[in-house]
Amino acid sequence: MMKEYFDSLESGLQSAIAQGKGSPRKTYSLELARLGQRLYSGEHKVAWCGIAAPYDLLNAMEVTSCFVEFIGAMLASTGIVGDFIEATEQIGYSSDSCSYHRAVSGAAMKGLMPKPEFLIGTTCPCSGGLAVIEHLAAHFEKQLFVLHIPQNESREEVRHLAEQMRAMTSFVSKITGVPLDPDKLKSAIGKTNRTREIITQVYALARQVPSPINSKELSNFGIVMALFLGTDAGVTIAETYLEELQKRTQSMGSNPAKEKIRLLWVQNRIQFKNPIENLLEQEYGAKIVIDELNDITWDPIDNGDIYEGLARRSISIPFNGSIQKRITHLQKLAQDYRIDGAINPCNWGCRQGTGARGMIEEGFKAVGIPVLNLEVDCVDPRKFTEGQVKTRIEAFLEMVESRK
Amino acid sequence: MTMDNHKTIGYACAYTPLALIHATGFRPYRILPNLDCPDQAGRLLHDNLCPHVKRILDRAMSKQLPDLAGMVFMNSCDAMRRLADAWRVVCPDMATICVDLPTTTSEKDIPVFESELKKLAGTLGDWYGRPLQPENLMESLRLYNELANAFERMRSRVQQGVMRNGAVLLQEAYLQAACTEPQAMLSRLKMLLTEKDQEQKSDMIPMYLFGNVLPDLEAFALFEASGARIVAEDLCTGSRAFAEVKMDFKKPGEMLAAYAKGLLQRQPCARTLCEAQPGKMAEDIVAAARRHQARGVIGYTVKFCDPYIARMPGIRAALKQEGIPFLLLEGDCTVRTMGQQKTRIEAFTEMLR
Ligand code: SF4
Ligand code: SF4
Numbered sequence: 000m001m002k003e004y005f006d007s008l009e010s011g012l013q014s015a016i017a018q019g020k021g022s023p024r025k026t027y028s029l030e031l032a033r034l035g036q037r038l039y040s041g042e043h044k045v046a047w048c049g050i051a052a053p054y055d056l057l058n059a060m061e062v063t064s065c066f067v068e069f070i071g072a073m074l075a076s077t078g079i080v081g082d083f084i085e086a087t088e089q090i091g092y093s094s095d096s097c098s099y100h101r102a103v104s105g106a107a108m109k110g111l112m113p114k115p116e117f118l119i120g121t122t123c124p125c126s127g128g129l130a131v132i133e134h135l136a137a138h139f140e141k142q143l144f145v146l147h148i149p150q151n152e153s154r155e156e157v158r159h160l161a162e163q164m165r166a167m168t169s170f171v172s173k174i175t176g177v178p179l180d181p182d183k184l185k186s187a188i189g190k191t192n193r194t195r196e197i198i199t200q201v202y203a204l205a206r207q208v209p210s211p212i213n214s215k216e217l218s219n220f221g222i223v224m225a226l227f228l229g230t231d232a233g234v235t236i237a238e239t240y241l242e243e244l245q246k247r248t249q250s251m252g253s254n255p256a257k258e259k260i261r262l263l264w265v266q267n268r269i270q271f272k273n274p275i276e277n278l279l280e281q282e283y284g285a286k287i288v289i290d291e292l293n294d295i296t297w298d299p300i301d302n303g304d305i306y307e308g309l310a311r312r313s314i315s316i317p318f319n320g321s322i323q324k325r326i327t328h329l330q331k332l333a334q335d336y337r338i339d340g341a342i343n344p345c346n347w348g349c350r351q352g353t354g355a356r357g358m359i360e361e362g363f364k365a366v367g368i369p370v371l372n373l374e375v376d377c378v379d380p381r382k383f384t385e386g387q388v389k390t391r392i393e394a395f396l397e398m399v400e401s402r403k
Numbered sequence: 000m001t002m003d004n005h006k007t008i009g010y011a012c013a014y015t016p017l018a019l020i021h022a023t024g025f026r027p028y029r030i031l032p033n034l035d036c037p038d039q040a041g042r043l044l045h046d047n048l049c050p051h052v053k054r055i056l057d058r059a060m061s062k063q064l065p066d067l068a069g070m071v072f073m074n075s076c077d078a079m080r081r082l083a084d085a086w087r088v089v090c091p092d093m094a095t096i097c098v099d100l101p102t103t104t105s106e107k108d109i110p111v112f113e114s115e116l117k118k119l120a121g122t123l124g125d126w127y128g129r130p131l132q133p134e135n136l137m138e139s140l141r142l143y144n145e146l147a148n149a150f151e152r153m154r155s156r157v158q159q160g161v162m163r164n165g166a167v168l169l170q171e172a173y174l175q176a177a178c179t180e181p182q183a184m185l186s187r188l189k190m191l192l193t194e195k196d197q198e199q200k201s202d203m204i205p206m207y208l209f210g211n212v213l214p215d216l217e218a219f220a221l222f223e224a225s226g227a228r229i230v231a232e233d234l235c236t237g238s239r240a241f242a243e244v245k246m247d248f249k250k251p252g253e254m255l256a257a258y259a260k261g262l263l264q265r266q267p268c269a270r271t272l273c274e275a276q277p278g279k280m281a282e283d284i285v286a287a288a289r290r291h292q293a294r295g296v297i298g299y300t301v302k303f304c305d306p307y308i309a310r311m312p313g314i315r316a317a318l319k320q321e322g323i324p325f326l327l328l329e330g331d332c333t334v335r336t337m338g339q340q341k342t343r344i345e346a347f348t349e350m351l352r
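Protein chains in written order, with numbering that gives the first Met the number 0: chain A, 0 to 403; chain B, 0 to 352.
Hints were generated in silico from the structure; no laboratory data involved. The beta-carbon is built from N, C-alpha and C at its ideal position, and this holds for glycine as well. Keep in mind that the hints are not guaranteed to be accurate.
[What the hints assert, rightly or not] The list that follows gives simulated cross-link-like pairs (lysine-lysine, PhoX-like), each with its CA atoms no further than 25 Å apart: (1) 279/B x 109/A; (2) 118/B x 324/A; (3) 279/B x 173/A; (4) 114/A x 118/B; (5) 279/B x 141/A; (6) 319/B x 141/A; (7) 319/B x 109/A; (8) 279/B x 245/B.
[As the list claims (entries may be wrong)] Derived, one-sided and incomplete: chain B residues facing chain A with beta-carbon distance under 7 Å: (9) 45; (10) 317; (11) 318; (12) 319.
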């Protein structure tokens, strides 16, 4: 079922692009469809991972790897997630946990997750994510390796994580029977750095006032792009965005688009179909110009010191470490993007993010940014009350506008 | 060093290296979630966080704390990390440290935890004004292991059923030990251990109890009143906090690494996992229930605890497969919610008669 879905998605997108109806988002979706095809083909070595895994290293080792939350998000976007979540409720999985993880467990139970060769858990971003990886390892009876992501970027902590990543490389080689080819790794890191450089330019363009980006184009972008690091696909996606935004910026020069309110979206978007982005843009001229994870928080990776560079990158993820680190990052984004307000979806079940709702709100207040805390489930549409959400957004935007 | 000149350091997790805190001259004092304070934590921590951390923060917000020289947090789960964050907002003038705690216990994790312990020792040394001396650590480790052994003797008496209200008395001792200087606690335990045997009522059903945070004595009294004799437990406010730390080292320079390994390899709570055997926790629970000849297993977990939530389906399945009856209680670490569960505990016990 999933293979067919990704096949038809891939061919549809490919023909649209071939007919000249392409867009950066279509290129991005095409590569996602191709990743889905590889995951479900039965022909590739697959690894289920945590969000902070070094995907470029795994790509260099020819392992098709993906974070498990991707499946939760995908099931939500296709509108079929409810059945999978329900399945977990029947085996005693509490509805108080994150729906990304319940959806993934349900998918595994119903045979919808391809059997991996192995699993790589990461302690960042969340305890729930690691626990579900362990659950999957037990379910598939496959070997598990856990990367403990330290809280800070001290030399010692970086060195420890680099050591763990080296041990992970041996673990992977042992299972796949293929040793890491140093030239392949160097080439992958070259692509990672190239992707990083282009994305940095994309974000710089998105920061402009008015921004050439619309609310949907970069949703989930930062987190998903991690999967394409070290690959040609990553470079292609980044280039397509850059070209398009450069074109738009030039053409906007004489005729700036309307942009009354600029918004920051905290953490992840709502993954199922919902009217929020359209409502924002069409009725209020409000635009999401920045998502929290759409930022480059790491330096280019030095070829002489690849593992330390990878370690630094994993530690730098804003969700890692103390909330103060995350708040400082949010405040910086708020200033860089000159936003007027922030929306925090407060995914029910997320202790890591939603757990700190009050402190995040205080952090925005300290730099004069109002926040709308929506209390939603970002994956499970069964709890979404459209009318209520609309009313709260409308009231919030009116308030934001009155402050301008 | 007498007890009087010990300054107090607060802690909140069973993984806290108590001997290290003690060796730097402090008295470790667990901030337990068992005081009734107004519910204010919601201002900083969302309703979806575990009541364990919210109640601890409520204590800080209500100034229901002893005079603390600092607070040592363990980065044991998302909720604990958020507690450390919120604590800094509520008590901005208090010294705090959040010690990173590996989630797995394999060889690669030992150096990570060892360097965290080193960092903690340095920080505590700064707070106290003197560095950690290896001989002090050695002595504190010895003391805490002696305490653990005394507890082990007490646990064994409870299991044999020769201590009336044994589970309650044991829990009371754990609560005292969590806040008392170890030498003084050792004397108290030794006295308790000299008391004469008194048979438990013979018609009680032996049960194995596992979970996270259940400090309340009344909860244990409630189990007994419902006909359940807790023959053994694995709780982070119970045996897990006072289990022996196995130490294996040759030179003083290896002591901290051995301590890191010993702490990590004690009976794990759900936040720790075994890479080599995913889902092992379920097997451990089955094995413990068998070892202690329990007729049933009671799980007590506080709401919103992701590490337990994710493991519960596996635990249920393993117990079912072994034909061991299981009752899951979910609460807010107080006897209030336990009280509401009384009928369920009674029915479960009745079913096993
Ligand atoms: S929403 Fe929170 S709990 Fe869920 S996967 Fe993301 S970080 Fe983890
Ligand atoms: S009860 Fe669970 S969520 Fe709460 S502090 Fe303990 S491990 Fe963390």
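Cross-check of the supplied hints:
Between residue 279/B and residue 109/A the CA atoms are separated by roughly 23 Å; this keeps the pair inside 25 Å, and the hint holds. Proposed proximity of residue 118/B and residue 324/A is supported: the alpha carbons are some 20 Å apart, at most 25 Å. About 23 Å separates the Cα atoms of residue 279/B and residue 173/A, which keeps this hinted pair within 25 Å; it holds. About 41 Å separates the Cα atoms of residue 114/A and residue 118/B, which puts this hinted pair outside 25 Å; it is violated.
Using a Cα cut-off of 25 Å, the hinted pair residue 279/B and residue 141/A holds, with the two alpha carbons roughly 13 Å apart. Between residue 319/B and residue 141/A the alpha-carbon distance is near 23 Å, which keeps this suggested pair within the 25 Å criterion. Pair hint residue 319/B plus residue 109/A holds up; C-alpha atoms about 21 Å apart against a cutoff of 25 Å. For the hint linking residue 279/B to residue 245/B, the alpha-carbon distance of about 21 Å falls within 25 Å, and the restraint holds.
At about 5 Å, the closest approach between the beta carbon of residue 45/B and any beta carbon in chain A falls short of 7 Å, and the interface hint on this residue holds. The beta carbon of residue 317/B comes no nearer than 10 Å to any beta carbon in chain A, farther than 7 Å, and the hint placing it at the interface is violated. Restraint check, residue 318/B versus chain A: the minimum CB separation of about 11 Å is more than 7 Å; hint violated. Taking 7 Å as the C-beta cut-off, the interface hint given for residue 319/B is violated, the closest approach to chain A being about 10 Å.
Of the numbered hints given earlier, the model fails hints 4, 10, 11, 12; all others are met.
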